[in-house]
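J.: The chain contents come next:
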Amino acid sequence: MYFSKNRKISIRQSKRMLLLNLFGISSLLLPNMLAKQVGSDGIFCILLGGVLAFFYVCILEKCLCVQKSKKELKFNKQIVLDSSECVGKDEKESKSDKKIVLDRNEYMQKAEKKSKFDQQISLDSNEYLFHENEKKNHFVKAVFRILCLVFCLIFCCTLAAYILYQLERLIQISLLPDANQLWILILLLLFAVYVILQGAEGRARVYEILFPVLLVPFLIMLLFAIPGVDVTAFFPIFSHGILDFFKGVLLVFVFFLPLTFCLLEQSFCAEPEGLAASMKQTVLLVTVVNAVLYMILLGSYGEKSLALLPYPVISLMGMIRLPGGMLTGVDVFLSAVWFFALFCLMNTGVFYGKYILEKLFGKWHRERWDLVESKDMSEGMKGKNHGKGRRQKLALSLTTVFVFVLSLLFLSACGGKELESLNFPLAIALDRQEDKTVLSFDFPDLAQVSKGKAKDTETEVQKPPGFSVEAGNYKKAQENYAASANKNLDYNHVKALVISEDLLGNEAALLEFLEWAEKDNLFASNTCLFSAEKGAGIVILDKGDENSIGSYLEEMDQRQTQQKANTFATLGDLFQNWHNGSGLLLIPFLKNEGGYPVISDYAVLDGMSYQSKINMEEGRAAQLLGGMLKELYPSLESEESIQIKGIKVSREIREEGGHPVVWIKITGKTEQSAASQTEGAMVDTVASQIEGNSFRQMEEHLNAQIAETLTETANRLLLDKDIDITNSYHFLGRYDRNLYEKYKEDYSGYKQGLVFRFTANVKLVQSH
Amino acid sequence: MPTPISTNLQENIDNFNRTFSDCADIKQRSMKLGQDSSVGCFIAYVEVALGNILLEDSVIGKLLNTLWEMPEDKILSFLRENALGISDTTEFATMEEAAQGMLTGDALFFFEGYDRAIKIKDKGYPNMGVTQTETEKVVRGSNEGFAESIKINTALIRKRLRTPKVKVRESFAGTRSHTNVDLVYMEDLIQPELLMEIENRLKRFEIDGVLDSGIIEQLTEENWRSPFPQFQTTQRPDRAAMAILEGRVVLLTDNSPVALILPVNYHSFIQTSDDYYSRSQIASMSRLLRYAASFFAMALPGLYLALINFHTRILPTDLLLSFAAARSGVPFPSVVEVLFMELAFELLREAGVRLPGTMGNTIGIVGGLIVGQAAVEANLVSPIVVIVVALTALCSFAVPNEEFAAAFRILKFFLILMCASLGFFGFLLASFAVLIHLAGLYSFGIPYLAPYIGPNPKEDEKDALLRLSLRKITKRPVFAKKDARKKLKWKE
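Respectively, the protein sequence lines represent chains A and B.
Counting from 1, position 359 in the first sequence corresponds to residue 359 in the working numbering; the numbering is continuous, with no gaps.
Counting from 1, position 140 in the second sequence corresponds to residue 140 in the working numbering; the numbering is continuous, with no gaps.
It is worth saying that the hints were derived from the structure and are not from the lab.
Some clues are possibly wrong.
Said to hold, decoys possible - Calculated pairs, DSS-like style, for lysine-lysine (alpha carbon to alpha carbon, straight line, at most 27 Å):
| hint | chain 1 | residue 1 | chain 2 | residue 2 |
| --- | --- | --- | --- | --- |
| 1 | A | Lys-359 | A | Lys-304 |
| 2 | A | Lys-613 | A | Lys-665 |
| 3 | B | Lys-458 | A | Lys-280 |
| 4 | A | Lys-15 | A | Lys-359 |
| 5 | A | Lys-15 | B | Lys-137 |
| 6 | B | Lys-62 | B | Lys-151 |
| 7 | A | Lys-721 | A | Lys-763 |
| 8 | B | Lys-151 | A | Lys-15 |
| 9 | A | Lys-15 | B | Lys-489 |
| 10 | A | Lys-742 | A | Lys-721 |
| 11 | B | Lys-475 | B | Lys-489 |
| 12 | B | Lys-137 | B | Lys-121 |
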């Protein structure tokens with residue numbers, strides 16, 4: 001007979017739903033909670049929590065009292081079969097007792113034939129429990145019912161309510177910040193009821209289909225996130241107390257509690273004997289995925305930043321740059337993963353809560369099961385239609401309510417804005433004027449975009465459009481501006497922020513801006529950061545081409561020859577500095593040269609403290625030590641032109657003579673630069689004359705020069721400007737735990753005693 | 001009370017005339033048979049349905065010629081034994097049955113002294129015959145299409161499946177139309193309950209006339225509220241034959257060139273006959289395209305609205321600015337624009353179907369190019385909306401089955417409203433609702449989402465989203481009986 005309508009779900013469906021239930025809620029909430037609790041030790045908490053969950057599964061396995069085929073007891077035979085096997089058939093009578101295993105429907109409707117020893121045959125533990133309960137006295141029955149009710153209310157309903165809250169919050173943060181949340185809740189509840197009306201099978205099928213659609217893009221995005229991970233954030237390990245650590249483990253375990261639903265799920269499972277194995281596999285998978293995810297999040301954001309993000313995994317999805325740059329901000333699409341996963345869990349809670357209440361207090365409608373092999377098909381059809389009619393009426397009522405709600409939402413325009421009511425600034429300048437922060441915008445010329453016309457160069461822009469902010473009240477200033485300009489501002493496509501030097505030096509004002517930007521999630525975290533004497537002066541520059549200044553500044557990141565792509569400081573880096581309290585940020589400092597913005601210096605932020613500007617050479621050195629360069633043209637005494645490629649920087653920090661000493665080794669290999677090829681190939685001439693030891697001497701000389709230059713630069717910057725261009729404090733926890741403990745709260749003390757030791761091992765490659 | 005056929009010819013004639021009074025299209029002829037022309041005979045037929053009965057090479061002509069020369073006392077026994085060996089004759093005992101038999105387009109004979117009326121098949125009613133199928137074009141494969149005669153259609157299937165295991169169960173539907181309805185299936189592959197179920201459903205209603213298979217489809221489907229069809233329609237005999245080989249049932253209706261195949265699932269509407277005639281790589285790519293097309297036929301306009309009204313940050317900046325520039329000057333909100341264009345397109349589609357021949361082709365060019373272009377230049381709509389709507393239409397045309405594609409055309413409006421109200425959240429809810437609906441939809445016991453859900457996903461999915469090599473597809477799909485699913489065996 002075809003397999004449908006047996007009201008059973010397969011093991012594959014059960015496994016997928018369980019995975020979604022566990023993965024969804026844990027991946028969304030756990031990173032933030034663990035970061036607050038145990039920081040970098042969260043990885044170990046996840047692994048240990050997984051082990052604990054595994055033991056929990058073993059306990060649950062014992063409670064699953066579904067027997068596969070025959071289980072012989074001493075005096076009786078209990079024959080429990082799957083309902084599809086036994087429908088309509090009589091079982092062979094055993095020697096000592098007569099038992100007939102029936103279809104569930106018949107079990108509920110007919111009296112069981114009781115054997116001499118009053119055997120019970122049940123298809124699943126729930127039936128067994130409820131039936132056993134009926135045999136006992138009223139007191140036990142009442143206690144049992146109360147316990148079930150408590151379980152139902154506390155676990156099922158509370159879980160469902162909490163998940164609904166998280167779902168609503170996720171939608172508000174990621175998808176509909178301006179929508180009326182009450183309507184969203186109503187819609188979600190309507191849909192939850194609609195799903196439940198489909199029964200266990202309908203639910204299971206939906207998630208079976210959705211499973212690969214949701215998980216595959218998520219895993220792909222995780223792969224793209226790996227290159228952005230900084231392993232320094234993983235250290236030091238075990239730096240939090242043992243109590244915090246165990247709290248973390250317990251926290252992880254709590255997220256595995258939905259496994260308890262499997263006790264109820266076995267009634268609906270076609271192969272309940274496979275449930276235990278699927279639970280174990282799911283626990284393993286979820287633990288591994290969560291551990292990997294936590295590592296990626298920790299490496300991308302740092303411990304303190306991670307603790308402040310409401311949904312770090314969603315923020316991570318928004319931060320990832322896809323190759324080709326076709327789509328940005330894919331966190332919107334990927335929020336679908338958690339939407340469905342949370343919905344699945346909420347649905348599970350409501351479904352089983354309803355199931356328990358039905359068992360305790362009787363079904364509210366007498367729905368008869370479809371008999372897969374009914375002896376009288378018309379009876380089966382009647383019974384099916386009877387229950388089906390009621391379901392259809394309920395579905396019709398729900399549909400009516402839904403259409404009503406949808407009409408109201410449609411007419412009230414739930415937060416959507418037409419394109420023509422928006423302005424899209426591509427670059428923003430932040431200046432400080434008379435105790436006010438002034439924002440200036442670079443807007444694209446839409447007429448130029450549509451007609452392909454060149455920019456109107458005749459009109460000189462004296463003052464770019466913008467608004468000023470008093471006392472950090474950005475929201476009010478923005479609203480006033482939008483009202484006067486008759487258009488709202490959409491910051492999602494801001495390519496560059498140009499922060500004036502004054503504002504960089506004013507930490508309080510800068511923090512006001514960052515708080516506003518972070519709270520409303522206005523800007524993309526990969527917005528490039530620049531600095532200038534006057535930001536507005538850069539934003540109004542007319543380069544004489546059709547490109548806006550924002551796009552030009554964004555492309556500057558790609559145009560750098562020596563620097564790797566996408567290594568310019570971004571707003572996300574600034575947020576991390578702010579939250580983590582440390583980190584060296586090199587912000588390109590721009591000046592106007594012939595109508596074009598060019599990088600003249602670098603503004604240095606150490607944590608949130610503006611140190612000073614450094615020149616291009618010093619900036620290069622800092623970039624070299626930060627691993628941001630793909631090639632280097634060092635200036636040497638002999639004025640030879642050398643190009644160093646394949647640069648790798650390794651460092652070590654240890655205590656020597658009571659001082660922290662930073663050992664940095666630069667490796668790479670030289671190639672003859674294009675300049676020297678065209679200008680007479682001095683190196684080539686020299687190299688061609690070298691034999692044996694002389695070549696090695698030249699190499700040593702080159703390495704010594706590089707080391708000396710770097711040492712001199714680093715010491716000078718540390719002494720004169722209090723800048724540690726090696727950013728060694730950020731790596732302290734990774735290399736020396738004792739030093740980390742000693743200088744954890746004493747950054748200035750650390751810098752006072754800091755000593756640098758540079759070595760270079762650049763191979764000189766002979767050109768032919 | 002049925003009227004028995006009398007041995008008195010005049011009585012039969014009187015009864016016949018009473019039954020068919022005021023029927024100018026029913027023709028009658030009396031004649032005398034036998035060597036001495038003493039045996040009376042009466043022929044009745046529907047005008048046009050009978051050829052020249054006196055022609056030497058017609059069956060009726062041969063019969064009459066034989067009877068004219070036969071001794072009178074041998075005529076009745078000759079008739080009783082069908083000594084001429086005419087293959088397609090039927091005897092009726094009552095006037096009502098005889099009348100019904102004549103109305104199928106055959107000739108009816110009454111003989112003096114014979115208590116039965118004999119129906120002999122001849123030319124039959126006029127019909128279109130076997131033509132090329134207009135709606136289900138394929139790149140590779142036969143171009144034969146079903147005709148309007150049920151007999152021709154069963155023959156077209158029989159031509160492809162030359163095994164006695166192909167059974168044809170005949171029944172009638174329509175109290176006044178008495179339309180022939182045949183169920184064609186493979187005896188050893190089909191689930192017996194399926195046959196029982198469809199027969200029960202056919203008996204469950206009584207309607208006065210069944211003029212097309214569409215009426216039977218609507219009266220027998222389980223979930224009539226769903227926009228998704230629970231029968232598959234086809235005009236291709238090879239498609240029908242393939243369905244029978246899968247263990248499904250083909251329902252043929254007289255006077256309808258459209259056959260119904262049952263049961264169905266989502267995948268059966270996406271696959272086409274030439275999926276199996278082409279190489280697996282081509283077939284797989286085409287299937288993926290069609291699946292994507294079925295999704296975008298429903299989702300594209302809604303997604304467009306969600307992105308430009310709620311989630312502008314997903315789009316690349318240049319594209320977004322280009323959209324914004326294109327929309328400048330358009331006086332309507334984007335949702336009105338989209339609805340306007342979609343409705344205009346539906347009107348064009350409807351007009352194109354109703355208009356004959358070349359005019360129907362022309363309307364597409366006129367509507368698409370001129371009206372669309374004019375609307376853009378008048379700033380009624382932005383160019384991007386025209387592109388979105390056109391792409392959506394293309395996607396719906398890429399879905400092989402018209403009824404199935406129509407479901408997406410309807411649901412598209414639901415998604416437009418949801419996305420216009422709630423952005424991507426609305427899109428998620430709407431798609432979820434559709435998916436939940438599909439998860440609970442059945443066609444004769446087969447879940448609509450099979451084979452992606454079910455007990456044997458590994459086996460069934462070999463011929464699902466991707467079509468693996470035919471060498472690897474050794475089993476029939478989920479429709480066939482469990483112990484009859486093996487279809488390919490390699491000889492050692």
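J.: All hints, please: hold or fail.
T.: Consistency of the hints with the structure:
no. : hint                     : result
1   : Lys-359/A with Lys-304/A : violated, 48 Å
2   : Lys-613/A with Lys-665/A : holds, 26 Å
3   : Lys-458/B with Lys-280/A : holds, 22 Å
4   : Lys-15/A with Lys-359/A  : holds, 25 Å
5   : Lys-15/A with Lys-137/B  : violated, 42 Å
6   : Lys-62/B with Lys-151/B  : holds, 23 Å
7   : Lys-721/A with Lys-763/A : violated, 33 Å
8   : Lys-151/B with Lys-15/A  : violated, 51 Å
9   : Lys-15/A with Lys-489/B  : violated, 34 Å
10  : Lys-742/A with Lys-721/A : holds, 24 Å
11  : Lys-475/B with Lys-489/B : holds, 10 Å
12  : Lys-137/B with Lys-121/B : violated, 34 Å
In summary, the numbered hints that this structure violates are 1, 5, 7, 8, 9 and 12.
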